[in-house]
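Next come the chains, spelled out residue by residue.
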Amino acid sequence: MKRFWVLGFLLIFIALSVRAQDLTGKQIMEKALNKTSWQDMEADVQLILTNSRGEQRIRKIKMYSRKRNADESDMLMRFIAPPDVKGTGFLIIEHKNSDDDRYLYLPALRRVKRIASSGKGGNFMSSDFTYYDIGKPKLNDWTYKRLPDETVDGHPCYVIECLPASEKVAKETGYGKIIRWIRQDIWVTIKSEYYDRGLRLWKVLTVPKVEKIGDIWFQTDMVMKDVQNNHTSEMVFSNIQINRNIPAQFFTQRYLQRGR
Amino acid sequence: MMGRRIWRRTGSRGSGILLLLMLTTGLLAQTAEWGGYLKFFAHPNLNEPYPFDRLGTRLQLTITNQFAEKGAFFASVDFNYEETRVQGTENIRHMDVFPVEAYVDLFFPRLDLRLGKQFIFWGKTDWINPTDNINPWDYKNISAEIEDYRIPVTALKADAYLGQFDLEAVVVPHFIPHLIPMEMPDTMGIFPVHDLGTVLPANKLSEAEFGFRLKSSLWNVDYSLSYYNGHDKFPSVEVSFDPMGRQFLRQISYHPYQVFGGDFITTFNKFAVKGEAAYILTDDRDGRDIFVKNPHLQYVVGMDYMGINKLTLNLQFVQTLLFRYDEAYERTQYQQLGMPLEMLPDKHSESLSSRIQYQLADFTSFQLITVLNLKDMDYFVLPILNYAFMDGVNIYAGATIFQGPEGSVFGRNEKFSRAFLEVKYSF
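Chains as they are written, first to last, in my numbering: chain F, 1 to 260; chain R, 261 to 687.
Hints may contain errors.
To be verified - In the DSS-like style, the derived pairs of lysine-lysine whose C-alpha atoms are separated by at most 25 Å in a straight line are:
1. 464/R x 60/F
2. 177/F x 530/R
3. 570/R x 120/F
4. 177/F x 570/R
5. 62/F x 570/R
It should be emphasised that the hints constitute simulated quantities derived from the structure, not laboratory data.
Using the sequences and the hints, build the whole thing.
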């Protein structure tokens, strides 16, 4: 009987190992993208910008987001600090099949302004993160190749090479290749290398901290280093609250222009 | 050089009340937030002998208090110390306390109300907004920040949210004109000019300005339709000859008008296309009063482009068309009164405007605004360099430059060209 149990465990272990080894790059990416997620969330974000001379500027942002459906979400951000930009608000209404609606509220101008999209490759709040980097990538925008697994900071990771599936994706994102390190235990990306369209290394993302809030793993500290321009941007999330039923009307120009 | 100190009486009286309100609110409300800025500014004139038009320091205090989701209170007050040189003859040391904004917001499920002194800006185009007629401009003081050159008004603003449509209604009980740098000649030809003063619209409810604006979106296009009933904020300088006194009589007045407007904006990829138009119906319905503007249409069409490194380009075409305009008649009237013919309005006029914004370096941005009148090729240029020296500290350097042939719109203002340097610490 005892021998039977040992054999059983051994078989399950081998099956799981084979299954993990058999996963393709796309399957791993799909699993990482489709893991349990939030319906709405709010958080305090500290954005630390460091230039090549080591000078720093710190932005504090209150961020609210909600998913309208699987492919579209709304995001409202409001600057809390520094005082010269306090009250500045930014609203993004994402659309699956057309350009996102983007609205900017500048307290100095006292009006909401619809702004042209700088594209997914545009910089998020003047940082080294692009809107693409902070959003959820679309699975079919890329082709995937699984590279040999590696260990990062003691965590076994799947390593996936992502190539743009079309010229349009490459143009929109500005990336010719991305390599992602995805933690095998929690399916969260903890390192990425972004290459420009000439396939030169452009930016390196490291994730010093991940936290579980509810059932969901969050990258709560992300550092993006632009190795070509020697810039660094760090996003630190705190006070994350999820699934609080933020009303849809919160993501409107009316709330944006309240400015606080 | 003689120096004197002036206190703006109205400013200090209003400000005293506002300060009291702010302090009371600040002390009573635990949720009140204080903020503001300290700014040093120097505005040297760009013409010989290059006097400082303005040189001074401003402390602005702001207080914000949010009453949960029911409403809010906001007030800001400026404490200014300023030295001005008038015509190079006299230094005026100027201290004042100026209430910038003070309003209460009340939020209802489908209605927002804002009562008090405030800024209300209409329109979707850049810099030139034919439908934007609520807050006057301070044309003497165009610089880096909108608060410096737009004048707040005491108003009631109501925004009703009616599903697909938002309806905004505004009532401004008290008329405030634009502040314009004007030099009035003491003589016309060989005759002296006697000033009869300025006639402002009566300070009564029937003269209150009001307007409506209906806003909506359709197929990725945001648009609005608006109506405004008020007074032209530009002065009309009316001249008549007094044969008995052998002198000219001059009076400044502000005429009523109605503005029927509309605007739109849509975006695709990195572009935004926008437009704004207003038909201004003045009291000179038959075009026979040379001192009242003819009914006219002004429209602006333009495009924005958003590039990398926060590069934003905006290019706009502006046209103004006068209706019921009889040039021969106007010319004859001007000649009979001895008024300069270069002041004759054009039946149609065209301009180009542009705005370029660019992130020069990590913490340094540059903005260049230009307006070019195509007939006389006269222009206005406003370059602004902004260096974020550290968090909360900004340094602005720039200039307001008017240039053009003598008698042209911007050429007439050449002497008011000036540079500016401002250091602002926000807290």
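Consistency of the hints with the structure:
1. 464/R x 60/F: Given pair residue 464/R, residue 60/F is violated - Cα atoms ~47 Å apart, limit 25 Å.
2. 177/F x 530/R: 23 Å, holds
3. 570/R x 120/F: It holds: about 13 Å lies between the C-alpha atoms, which stays within 25 Å.
4. 177/F x 570/R: Holds: residue 177/F and residue 570/R sit about 24 Å apart, inside 25 Å.
5. 62/F x 570/R: 22 Å, holds
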